[in-house]
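Q: Sequence:
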Amino acid sequence: MTTTEVIRWDTDEQKALRQLAADFTRKEIVPHLDEWERAGEIPRELHRKAADAGLLGASVAEEHGGSGGTALDMLAILEEIILAGGSSGLISALFSHGIATPHIVSSGNTDLIERFARPALEGRAIGSLAISEPSGGSDVANIRTTARRDGDEYVINGAKLYITSGTRADFVTTAVRTGDAGAGGISLVVVPTDTPGFTVSRKLDKMGWLCSDTAELFYDDVRVPVSNLIGAENSAFGQIAQQFQGERLSLAFQAVATAQRCFDLTVEWVKSRETMGRPLSKRQVVRHRLAELATEITAAQTFCRSVAERWVNGEGMLLETSMAKNNAVKVCDHAVMEAVQLSGGIGLMRESEVERHFRDARVLGIGGGTNEIMNEIISKLLGL
6 MTTTEVIRWD
16 TDEQKALRQL
26 AADFTRKEIV
36 PHLDEWERAG
46 EIPRELHRKA
56 ADAGLLGASV
66 AEEHGGSGGT
76 ALDMLAILEE
86 IILAGGSSGL
96 ISALFSHGIA
106 TPHIVSSGNT
116 DLIERFARPA
126 LEGRAIGSLA
136 ISEPSGGSDV
146 ANIRTTARRD
156 GDEYVINGAK
166 LYITSGTRAD
176 FVTTAVRTGD
186 AGAGGISLVV
196 VPTDTPGFTV
206 SRKLDKMGWL
216 CSDTAELFYD
226 DVRVPVSNLI
236 GAENSAFGQI
246 AQQFQGERLS
256 LAFQAVATAQ
266 RCFDLTVEWV
276 KSRETMGRPL
286 SKRQVVRHRL
296 AELATEITAA
306 QTFCRSVAER
316 WVNGEGMLLE
326 TSMAKNNAVK
336 VCDHAVMEAV
346 QLSGGIGLMR
356 ESEVERHFRD
366 ARVLGIGGGT
376 NEIMNEIISK
386 LLGL
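First residue of the sequence shown: 6, per this note's numbering; consecutive thereafter.
You may find that some hints are simply not true.
What the hints assert, rightly or not - Computed Cβ-Cβ distance ranges for the label pairs, DEER-style:
1) L389 <-> D155: 42 to 48 Å
2) T300 <-> N380: 21 to 27 Å
3) G388 <-> R154: 54 to 60 Å
4) G189 <-> D116: 21 to 27 Å
5) A58 <-> A246: 31 to 37 Å
6) A21 <-> T300: 28 to 34 Å
7) T300 <-> T115: 21 to 27 Å
It is worth saying that the hints were derived from the structure and are not from the lab. Beta carbons are placed, not taken as given, at the ideal position from N, Cα and C, and that holds for glycine.
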């Protein structure tokens, strides 16, 4: 794909893909989502169903187990799942391979791809990415979990925190320190979760993303073969930074889709809800608030799509990706707040969809780099 290629979001293929995602969501997700929220996880068979439908590997080459599309196809799927009644929490759980396998696929290591990436893309295995630690969150340069070389094995010791799909994962792409202090001493190693010494310390309780299991992990003399190393030793900082772009765009698109879904639900509500003899939609203050929100959502979606198009075309978009994520999160925060407020009492009830989006939205400004980290990146790239 060249930098001059025009990208469209309304091709027949895109429409068909969106319809596929919407149909899958309404049939396989929406009827069960409340149950999965209470259970604190989604069933393993949902991964296989999604893979069979062609949803898990939309942006991965066919030779690696994907469908041969681009990142834009995956972003469209994520949007449509939320617009059809799914949630960002559901996406976090079902698509955790999207942060666990890209480093493996990008490495070109056929052995690792066949052992870990392909099974995850085919819904036969669940992958997880472990970077954050109890001592420093997502401070990648200061990773403390160590991997000591012992012959043909790495011996891993340490702990990881806030790990998505950590309680269900079959393998964990783990950031470890193999070299000196700082960013230059970090590596990525794949750790099968049935390896002796690997344990899930605890399953974490969260405010939002309830159906997405989150764990604290512990590594106690965990031995894995050196062949499980992703890329060159001590090269992980660059690998992680590169893949963060995709993760941040994914979260930006989820934020905009959540905002749009809450807007749609709110419009439906204010048209049907009457107070003092008139629908809420006939009150100027309500109409104007929704008009402003619609403008914000449209602008955020347009910017996100523009950034995604240029990123897929190979342009370096670190500044714009950070801006897109923060702006999308800001718009989403406004949308979920208005949705709950204009819904009144029902907006506070667990039976209300906007209540779930209100809680789930809090994660979007934290995951993939907090709003504050995004602003620090933006300020540095602006030369401040």
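Q: With reference to the structure, classify each hint as holding or not holding.
A: Comparing the hints with the structure gives:
For L389 and D155, the Cβ-Cβ distance of about 46 Å falls inside the hinted range of 42 to 48 Å, so the restraint holds. Judged by the Cβ atoms, the range 21 to 27 Å given for T300 and N380 holds: they are separated by roughly 23 Å. One distance hint, 54 to 60 Å for the beta-carbon pair G388 and R154, is violated here, with the actual separation near 41 Å. The hinted range of 21 to 27 Å is satisfied by G189 and D116, whose Cβ atoms lie roughly 26 Å apart.
Between A58 and A246 the beta carbons are some 32 Å apart, a value that agrees with the proposed interval 31 to 37 Å. For the pair A21 and T300, the beta carbons lie near 30 Å from each other, so the given range of 28 to 34 Å is met. The supplied range of 21 to 27 Å is broken by T300 and T115, whose beta-carbon atoms lie about 49 Å from each other.
Of the numbered hints listed earlier, those contradicted by the structure are 3 and 7.
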